[in-house]
Amino acid sequence: PCPPCVEQEKLRVEQEAAAYFRYKQDQAGIPKRYWQANVNALMVETAMQGDMQRVAAQFIQTNGQRPSNLILMGTLGSGKTFLACAIGNAFLHHKRSVKYLTMAGVSRLLRSTWGSRDTSEAEQFQAWVNTRLIVMDEVAHGTASEVTMAVDLIDARYAAHRPTVLIGNLTIMELTELLG
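Numbers given in my numbering equal positions in the sequence shown, counted from 1, plus 62.
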């Protein structure tokens, strides 16, 4: 093949790979605003953000085994969701399954299966347990049902040795009180 043809084919393959990766991000539920997120792109302005960046890099490097779970807490705009989605993107790049959910979304999506012929609540729940990485955002005070379903998922993933990243604006005391 001629050199321009080789370059054209290479470009086509790269475009297809990028399109497929965007499809995987969409299926994972990663918000579009974070599709370009990666750990090294975090704007580090504080020592805490630097620490978060280092821990996130280690989490990716160890396939979510060290630490085995991650809790990103802080104020609005501190980079928690960016960093969690960067972790999700890295897992996807390594062909690992990822699902981004909100705490309220866990409850809403499980309830949506109640009348479904396609998927039962138990099947959906087990699919999330089996997912390589769950990123759960907006961990905050919710209804008793929302909290119970989220805690059940966190517990089941912990028992299955599956890493989970929790994101919230709560203090450690508030989070402990909420999740038990």
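Just so you know, the hints here were simulated from the structure itself, not pulled from any lab data. Using N, Cα and C, we set each Cβ at its ideal position, and we do this for glycine too. Treat the hints loosely; a few may be bogus.
[What the hints assert, rightly or not] Under the rule of at most 20 Å between Cα atoms (straight-line distance), these lysine to aspartate or glutamate pairs were calculated in the DMTMM-like manner:
| no. | residue 1 | residue 2 |
| --- | --- | --- |
| 1 | Lys161 | Asp214 |
| 2 | Lys94 | Asp113 |
| 3 | Lys161 | Asp113 |
| 4 | Lys86 | Glu76 |
| 5 | Lys157 | Glu78 |
| 6 | Lys94 | Glu200 |
| 7 | Lys161 | Asp88 |
| 8 | Lys161 | Asp217 |
| 9 | Lys161 | Glu107 |
| 10 | Lys157 | Asp88 |
| 11 | Lys86 | Asp113 |
| 12 | Lys157 | Asp214 |
[Unchecked claim] Simulated DEER-style distance windows between Cβ atoms:
| no. | residue 1 | residue 2 | range |
| --- | --- | --- | --- |
| 13 | Arg128 | Glu69 | 23 to 31 Å |
| 14 | Met235 | Tyr82 | 40 to 48 Å |
| 15 | Asn192 | Cys67 | 26 to 34 Å |
| 16 | Gly139 | His203 | 18 to 26 Å |
| 17 | Thr108 | Arg74 | 19 to 27 Å |
| 18 | Glu107 | Arg179 | 45 to 53 Å |
| 19 | Gly177 | Arg95 | 26 to 34 Å |
| 20 | Gln77 | Asp214 | 25 to 33 Å |
| 21 | Ser159 | Lys94 | 43 to 51 Å |
Quick rundown of the hints versus the structure:
Of the pairs offered as hints, the one joining Lys161 and Asp214 holds, with about 16 Å between alpha carbons and a cut-off of 20 Å not exceeded. Taking the CA atoms of Lys94 and Asp113, the gap is about 25 Å. The hint is violated against a cut of 20 Å. Proximity of Lys161 to Asp113 is assessed by CA-CA distance (about 24 Å); at most 20 Å being required, the pair is judged violated. In summary, the hint linking Lys86 to Glu76 is supported, as the alpha carbons are separated by about 15 Å, within the 20 Å threshold.
A hinted pair counts as satisfied when its Cα atoms are at most 20 Å apart, and Lys157 with Glu78 qualifies at roughly 16 Å. Simply put, Lys94 and Glu200 have alpha-carbon atoms about 17 Å apart, close enough for the 20 Å limit, and the pair holds. Among the hinted pairs, Lys161 with Asp88 is consistent with the structure: their alpha-carbon atoms are about 10 Å apart, no more than 20 Å. This hinted pair checks out: Lys161 and Asp217 have alpha carbons roughly 16 Å apart, not beyond 20 Å.
About 28 Å separates the Cα atoms of Lys161 and Glu107, which puts this hinted pair outside 20 Å; it is violated. The suggested pairing of Lys157 with Asp88 holds, with an alpha-carbon distance near 14 Å, which does not exceed 20 Å. A C-alpha spacing of about 29 Å is found between Lys86 and Asp113, which places the hinted pair above 20 Å, so the restraint is violated. Pair hint Lys157 plus Asp214 does not hold up; C-alpha atoms about 26 Å apart against a cutoff of 20 Å.
Arg128 and Glu69 have their C-beta atoms about 42 Å apart, which leaves the hinted 23 to 31 Å range violated. Judged by the Cβ atoms, the range 40 to 48 Å given for Met235 and Tyr82 holds: they are separated by roughly 43 Å. Between Asn192 and Cys67 the CB atoms are about 43 Å apart, so this pair departs from the stated range of 26 to 34 Å. Separation of Gly139 from His203 is about 20 Å and conforms to the stated range, judged on CB atoms against 18 to 26 Å.
Hint check: Thr108 to Arg74, Cβ distance near 43 Å, so the stated range 19 to 27 Å is violated. A hinted range of 45 to 53 Å for the beta carbons of Glu107 and Arg179 is consistent with their spacing of about 50 Å. Taking 26 to 34 Å as the suggested C-beta distance range, the pair Gly177 and Arg95 conforms, at roughly 32 Å. Remark: the range hint 25 to 33 Å for Gln77 to Asp214 is contradicted by a beta-carbon distance near 41 Å.
Remark: the range hint 43 to 51 Å for Ser159 to Lys94 is contradicted by a beta-carbon distance near 19 Å.
Checked against the numbered hints above, the structure breaks hints 2, 3, 9, 11, 12, 13, 15, 17, 20 and 21 and satisfies the rest.
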